[in-house]
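Relying on the hints, combine the two individually framed chains into one complex.
Residue numbers (our numbering), protein chains in the order written: chain A, 1 to 383; chain B, 1 to 596.
A portion of the hints provided could be inaccurate.
Claimed, not checked - If the Cβ cut is set under 7 Å, some of the chain B residues that face chain A in the computed set are:
| id | residue |
| --- | --- |
| 1 | 394 |
| 2 | 408 |
| 3 | 409 |
| 4 | 411 |
| 5 | 412 |
| 6 | 417 |
| 7 | 420 |
| 8 | 421 |
| 9 | 557 |
| 10 | 559 |
| 11 | 583 |
For the record, the hints were derived by calculation from the structure and aren't laboratory data.
Here a beta-carbon is modelled for each residue, glycine too, at the ideal position from N, C-alpha and C.
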Amino acid sequence: MFQSLRRVSGRLVFVLPIALGGGLVSPVFAGQGAEDESRFLSRIRRLTVEGKRAGEGYFSPDGKEMVFQSEREPGNPFFQIYLLSMETGDVRRVSPGHGKTTCAFISARNGDVLFASTHLDPRSLELQREEIEFRESGQERRYEWDYDSHMDVFVERRSDGELVRLTDARGYDAEGSWSPDGEWIVFTSMRGMFEDELSERETRLAEIDPSYFGEIWTMRADGSEQRRLTHVPGYDGGPFYFPDGSRIIWRRFSEGGLVADIWSMNPDGSDQRRLTDFGAMSWAPYVHPSLQYVLFASNKLGFSNFEVYMVDVAGEKEPVRITTTDGFDGLPVPTPDGTGLAWTSTRHGGEGGQIYLADWDHEAALAALRLAPARNQPTETPQ
Amino acid sequence: MSRRQTLTVVSLSLALFLTLPAAGQTPEELRDDVLALTGPGTEGRAVGTPGAAAARRYLISELEAAGARPLPGQDGLGIPFRFISGVEDRGSSLRAGGHKRFGSDQVKAFAFSETGEVRGELYFVGYGIRVPENAGVTYDSYAGHDVRDKVVVVLRYFPDDVEDETRSVLNRHADFRSKASAARDQGAAGMVVITGPGSEGAGELAPDAFDISVPGSQGILAVSIDGAAGGRLFAGTGVSLAEVQRSLDAGEVDAGSFPLPGFATLAVDLERTPASGANVVGILPAADGSLDPPYVAVGAHYDHLGMGGGGSLNPHGPPAVHPGADDNASGTAAVLALARTVADSPLARPVLVGFWSGEESGLLGSRAFIRNDIRPDRLAAYINLDMVGRLEENRLIVQAMGSSSVWPGIVERANVPGGFDLALSDDPYLPTDSSAFNSESVPTLNLFTGTHTDYHRPSDTADKLNYEGLARIARFTGLVARRVAESDPVPEFVQVERAPETATSRVSLRAYTGTIPEYATEIEGLLLGGVMAGGPAETAGLRKGDVIVEFAGTPVLNIYDYMNALEAARIGEPLTVVFLRDGERHEVTLVPTARP
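Isolated chain B, as found in the complex (with noise of 0.2 Å):
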C-alpha cells in the first residue's frame, strides 16, 4: 500500500451522517420555512395579533400537509388560550387626613394592585425591605412596628451608602412587588410607593411595568404617588422625608419607620384586559401506527415580539417589525422539519408537536398548555429548540441536561452522527418554553446556538441565519427524538435543585454595562457572547469570547455570580473586571452607565 493509497481506500468516516435514515429536510426547504414564517404579513408574530394568526395558519396546514392528527378532545391542531394582554387604571386615588384627595395626576397604581378601596391609619416603613433571614443581611423595615390595617408609606429603591454586599441582597428585595408582598404579608392594608428626594428620579411615580406573565394582582392595594403629595404625608411630623431617607441611607433601620398623622383612604380600579392567543400542537403517529401516549414531545415557540415593545432591545427606535428570524423562526422551522421526516419514517411512539405562542410574554401558551391541556404524564419527554439558527464554530449548546439521568447517553449517542462540539449545562431553569415543562416534572432538554446582538432586535432577519446548521440541528433533534422514543421505560424525571437567588426579580437593576452573557454553563466564569456597540462594556474593551472570572471584586463562576455581582454596580462608579482571553488573565475598568 503506498503512502498516498493509505488515505483514500479506508471508508469515510467523518461524513456518517448522510448517510443516516431520515436524512430529513435541506437548507434550502429550512430557508423556505423561515422566509414564510419572517414574511410579509407576519409582522412580527406577537402573540393575540393577527401577524402570530398569519404563522400559525401556516404552520397548521404545513402539519397537517404531514399527516398531524389533533392531540384528542380537540377539534383542531390550532389550541387556543386567553392571558390578559395589559391593565388600565380607571383613576386610582388616596384622600389622607385633613389633605386635599391626590387624584390620579399624582396617584398611580401598580398594574400588580388589587382593586377596591381601603381605609386605615398611615404608617412610614422607610424602604420597606424586609430580608429573608438565610440572606446574610438583617434588614427589616417592619421590625418592631404593628402595621395591621394600616396604609403603609415606603419608599423606592433601597439604602445607597452601604456596602456593596449588602447593596446587592437588598436590590433582590427591594422590588415593587418585593414590597407590596412584605406589606402584605405583615396586614397592611395598602402600599403607597414614593420616590424619595434623596433618590434617582426624586419625587417621580413609578413607571409602567405590566408583566404579561404574571398579570394577576400581589393580594394588595399598592400605588406610587408623586413627591408633592408625598411630601405632604410627612407635614405635621415634625421632620422632613428628606431627612428621613438620609438616616435611612447611612443605614438606620430603625429611624426610618413611624405612624403618620391621619387616617388614608385608597381607592385603585384597574381593568385587567382580557386577550387570546393559540398555540399549535399536532400529533404524528408511531411506527405500528399508534396515537396513544406517551408521546415524544418537540416543540418551539413561533410567536416574536411584533413591532416592538417591552422586550424590545431597540425600545427607543420608531415602531419596526421585529422579525425574530433567529428567535425564534429558526427553531420553529427546524421542529416543522423533524415533523416532516418523522412523518416519512415514524418513531417506535408517537410523537407530540408544539408551536407556542406568547414566550416573549412570559411563557404562555407552553404553560396554559401543560397546565390545561394535557396530562404531563402523557410526555416521555419535551426537547425545546429556541433561537438555533446561528450555528458558530459548529457549538450547539444543550441545555437542562441535569432533568433526566438519560440525557448524557443520549446526546452523546446522537451526537456521534450529529457531529456538534457541544456546550452543555445541566440546568433546567431556563428562560425557554422547556421550563414550563419542567415545573411539572416532565424532562426537558433545549437546544440553542448562542445569543447574538440582533437579539431582539428588528436586525434579527432570515438573511443572518445559518441554514446549513439548522438542517443539522433538526436531524440531531430527530435522533435525540429516536432515542427518547426508544427509552422504555421512559425517562424518568429529575428534579434540579435551584440555583439560589435566581427566582428574584431583576427589574430593579439600574447600572448597565452592556455585557451579552453566553448561556455555556460548564465553563468556569461568564463567557460573553457579545457587547453591546458603544455600551460601557465595549468601551472597556471587552469583546466576544472573553470570560469574565471577577466583577468589581466578587468572583464570577457562573451567570448567577454575574446577576449578583452586577447588582453591586453603580451608576458611573468605575468598578474592575477581571477576564480571560486566550487562556491569560486581564484587568480592565468598566464604568456602568443608566440603563438606555
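Next comes chain A alone, as it looks inside the complex (with noise of 0.2 Å):
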C-alpha cells in the first residue's frame, strides 16, 4: 500500500492527503473545545501564495529571514530554493532554476544557504520536460520523490554569491542543516547504497527503495570531515541541531518504512534516545528554542491525515495535538525566538501545501505537555 502512495520530498516524505481523498475539505471554523488548536496557535497567516506549492520554510537566526522550497519556476516542475525577507516580503531565487532542489537552511555564522540539488545532473533539464509531460499525460507516479542519486549538498556562499558544492558522492546527499555556530552541517546520506557491500535481499531493496539506504552524517561548513551516525537499517533522515548545539534530532523509520518515531542523540552520535512510541509515521522533528519540547508531524489519527504533534524533549510522555483543522499540517517549525511557528498546510484547500505562519503560546505549550501522560515504555537505546 505505501508503495503507491506519493512521496513528496526528502526531510518531508510525507504523503499528500490531496493525492488520496479528494473529499478532504477544510472548514475554516474548526471545532471548537479544549482540543481545539486555537489554545497553541493565534492569529494564523499564509506566508506563500505563489506557484504550485511551498513548503519546509527554515528562519534565519534573527528571524529576519526564512528559506523555503517552493514549485514556483515556468517549465519547472521541482522545487527550487527562494530566501524570503520577514521585513518586507522580498523573495529571492537562490538555487540554479533547473533541476531539483529540497531542504534549505541559513547559517547562523554568515547568512550561507545551504540546500541541496541535482543541477549538475546534465539530464536535469531532461527530466523537467520529462515531469512535464507525465503529469500532463494525467498518469500517476508512483514516487514523486525518488532520492536522485545526483542530489548533492550546495551552500551559497553570502559573501561573494559563489555556489558551493559540499558532497560529491554517488548517491543521494541531502536534508542538511547547520550547527547553531555554522560550524557543521548535519544531512542525510544514501551513499551506502553504492559504497556498501549489499546483501541479496538489500540489492533488491535498492531497486526499490533507496530510502532504507538514508543515514545521519555530519560534516565540517567546507565539506571536510565526512563522517556517519547512524547504523541502523531503514530511513534515517530529516537531522537538525538543537538550537544550543548540545544534541542532534532526527526520525527514525522501520525498516518496513511504514513506522517512524523521533529520536535524539549525540552530535557524534553517541546516545541515541528514542522520544517517542508512538506506533504511526512521525517525522520533521525541530526543537523549540526553549530546548524543552520538539515539535513534529505525525499521521496518528489516519494514514493520510497528518497534522502538528509535540513531545517534551526527553521523551517522557505522550505527545500533544497541536493543528485540528483538516488537510495535511506538518513539517513544524518555530520562529528563533520561541513565539511563532511556523508549518506546511493544505488548509487553504488548494492543490498543494503553502507555508503559514502564526503566533505561538509557549506557556500554554507547557501547560500542556505538563498534563500529558507518560509514555507508556521507557527511553531505549538500541543495541
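Dropping the structure here:
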C-alpha cells in the first residue's frame, strides 16, 4: 500500500492527503473545545501564495529571513530554493533554477544558504520536461520523490554569491542543516547503497526503495570530515541540531518504512535516544528554542491525516496534538524567538501545501505537556 | 544561554509590520472617517441624494487636503455621471379583437419595455421559453411557430411538474427579460405576459422590477395583463387557459402554442427619469513628482442604500437609514487612509484614488468612469475594497487573483508583513466595482472580509467594525499598491473564463433558504458565512462555518453549483442538505419558504 502512495520530498517523506482523498474539505472554523488548535496557535497567516506548492520554511537565527522550497519556476516542475525577507516580503531565488532541489537552511555564522540540488546532472532539464509531460498525461507516479542519486549538498556563500559544492558521493545527499555556530552540517546520505557491500535482499531493496539506505552524517562547513552517525536499517533522515548545538534530533523509519519515530543523539552519534513510540509515521522533528519540547508531524489519526504534534524533549510523555484543521499539517518550525510557529499546510483547500505562520503560546504548550500522560514505554537505547 | 534567555535574546520576527515604512493611519483615524461617512446628513448615501453629496464633499475635501489633483481634463475631483433613476408607466393599453380596450388597471408595462404602439395578430406560445441548444435540456415554445410581427402571449414562470434538473435549466431562461429577448429574436412585435391560473399569484400583474443598472429597453414592447384580460384573449378558442397550462405543466411543449383569435393593438408609454450622481477621483503624484499614467488605481464605492429600498434586506420595515458602515464606509475609509499615506511617501507611479457612487444600483459610477472618463490602458491595475470592516479570525478574502499573473507573487510578498490568513479566489466576476474594470481588461484585485447578518440592513453600523483590522487592511493595500507601482512593465491582464450560467438572472428564484454564502472559493463546497435568523437554514440547524457539499441531491463544489441547485428547490418541499462541520459529514432536512 505504501508503495503506491506519493512521496513528496526527502526531509518530508509525507503523503500528500489530496492525492488520496478528493473529498477532504477544510472548514475554516475548526471545532471548538479543549482540543482546538487555537489553544496554541493564534493569528494564523499564510506566508506563501505564488506557485503550486511551497514548504520546509526555516528561519535565519535573527528571524529576519526564511528560506523555503517552492515549485514556482515556469518550466520546472520541481522545487527550487527561495529566500524571503520577513521584513519586506521580498523573495529571491537562491538555487540555480533548474534541476531538483530540497531542504535549505541558513547559517547563523554568515548567512550562507545550504541546500541540496541535482542541477549538475546533465539530464536535469530533460527530467524537467519528462515530468511535465508525465503530469500532462494524467498518470499517477509511484514516487514523486525519487531520492535522486545526483542530489548533492551545496552552499550559496553570502560573501560573494558563489555556489560551493560540499558533497560529491554517488547517491542522494540532502536534508542538511547547520549547527548553531555554523561550523558543522548534519545531513542525510544514501551513499551506502553504492559504497557498501549489499546483501541479496539489500540489492533488491536498492532498486525499489533507496530511502532504506538513508543514514545521518555530519561534515564540516567546508565539506570536510564527512562522518556517518547512524547504522540502523531503514530510513534515518531529516536531522537538525538542537538550538544550543548540544544534540541532534531526527526521525528514524522502521525497516518496512511504514512507521517512524523521533530520536535524538549526541553530535558524535552516541547516546541515541528514542523520544516517541507513537505507532505512526512521526517525522519532521524540530526542537523549540526553549529546548523543552520537540515539534513534529505524525499521521497518528489516520494514514493520510498528518497533524502537528509536540513531545517533551526527553520523550517521557505522550505527544500532544497541536493542529486540528483538516488537510495536511506538518513540517513545524518555531520562530527563533520561540513566539511563533511556521508550518506547511493544505488548509486553504488548494492543491499543494503552502507555508503558514501563527503566534505560538509557549506557556500553553508547557502547561499541556505537563498534563500529558507518561509514555507507556521507557526511553531506550538501541544495540 | 539559559533556556529562558533563548526566548528573549533573539529579535522579534513577528511584529514586523510595525517597522514598515509608511505605517499608515491609526485605527482611531479610520474610525473618524467611518463616523463622518455614516454620520448625520449622510442618510445612507444613496446615489443621487443629498446624503451622497454630503459624503462626497467630505471625501473631496479630505483628498484635496492630501494633495490629490484632478484627473487631467477634469475641473475638480468630483466627476458626475448620468443614469436613469426610474421608469414611470404613463398609461399602457391592449386592444384585442372585438374586446374592449384593457387600460392601465389591467395592463402594466415592464420597465424594460420599448415605448410605442404596435399592431399584430395574437399568438399564444405557452411559457415563451427557448433554452439554448447546449444547455442539456431541449425546450422551445416557438419551435414550428412563426410569430413574426405578431403579439405573443406567454405564461409567467415555467412548467412546474418537471424533474429537478430540467426545472433548474428552465428557470434560468424564464425571467421576463429572457422571455422578451426570445420573443424579440423570433421577430415578434410585442409580448403580453399572463400569470396563469395554475401558478402562484394566479392572474396577478407582474411586480415592479426596475433594474437601475440596466435601465434601457429590451428592444420589444412588453406588458403583463391581469387574469381577467388574459382569460378574454382565449374566448372563442374552445380551450381554457387553465387546461392549456395543465398540459404545459405536464411537459407537453407542443400543446401550448397556437394562434389566438383577433388582432391586437399594444401601446406602451414609459418615461425614464434621468438623474445624476458623481464619483470622486484624485491623482497623487509619484515619488519623482510625475503625474503621468499609467496610474496604480485604488478605489471603493462610497454609496449605500439610503433609507432602504430595493436593495435592502429589511424591505418590510419602515424606511430607515441604512448606514452601510461596512458596506462600504469601511473600504472608503481604508482607501482614504491609503491616499494620505501615499501623499506622505509616494510610490514609483502616480496613484489614482477613486470613490464610486451608484455601486449598489449596479456599478453605475465605476462603469461610467471606465467607459467615459479614462482610457483603460492608463491604469496599471485596479485594487478595490468593498466591505473590509469586519475582519474576523484574521481572515482576509482576496478575490480576482486570476486577473493577472502578477497577483500571487505580489499578494505573497505583501502578506509577509501584512500577516493575514488569506482566502484566495481567482474569479474576477464579482458583484462589486472591480468587475467594471475587469470588463475593460484592467487587472483587478478585490479585498473583502466577508458578509454578515447586518448586510444591507439598518444594523450595519459603525460600532460593529474592527478598526484595528481595517487599519491593517489599509496598510496591506498600500503594500500591494507599492509593488504594482514597482512592476515594470505594468501587470498584464489575464482574461478569466467566466463560470457558466453566472450571467443569468436570479430574479425568478422563488424558494428561500436563508443561507448567507461566504465567498472564499478555494474551499470545496459552499461555506456559510451565516444564516438568516428564523430562516429555513437556521431552522434546519445549519450555522455559520458549515460547508454545504450537497443540496437536494446535487453536489455543491462552489457558489455557482449552489445557486444552480437552489433553482431546483421548491417552496414547502423538504430537501436534504449534506454539510461538513468540523470536518464531519452531517445531513439535515431543510424546507424552503417563500422569500420573506
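Q | chain A contact restraint on residue 409/B - CB to CB distance below 7 Å | A | At about 5 Å, which falls below the 7 Å cut-off, the nearest Cβ of chain A leaves the hint on residue 409/B intact, so it holds.
Q) Regarding the hint that residue 412/B lies at the interface with chain A, is the smallest CB-CB distance below 7 Å? A) holds (4 Å)
Q) Quick one, is the residue 583/B hint okay against chain A at 7 Å, beta carbons? A) Residue 583/B check passes; min Cβ-Cβ to chain A is 4 Å, inside 7 Å.
Q | Status of the hint placing residue 557/B at chain A (closest C-beta pair under 7 Å) | A | violated (10 Å)
Q. Holds or violated: is the Cβ of residue 394/B closer than 7 Å to a Cβ in chain A?
A. holds (5 Å)
**Q.** Restraint outcome when residue 421/B is required to lie within 7 Å of chain A by C-beta distance
**A.** holds (5 Å)
Q) Would the hint on residue 411/B stand, with a C-beta cut-off of 7 Å toward chain A? A) With a minimum Cβ separation of about 5 Å from chain A (threshold 7 Å), the hint on residue 411/B holds.
Q: Against chain A, run the beta carbon of residue 559/B and see if the smallest gap drops under 7 Å.
A: violated (14 Å)
Q | chain A contact restraint on residue 417/B - CB to CB distance below 7 Å | A | holds (6 Å)
Q. For the hint on residue 408/B, does the least C-beta distance to chain A fall short of 7 Å?
A. holds (4 Å)
Q | chain A contact restraint on residue 420/B - CB to CB distance below 7 Å | A | Holds, about 5 Å.
The structure fails to meet hints 9 and 10 from the earlier list, while all remaining hints are met.
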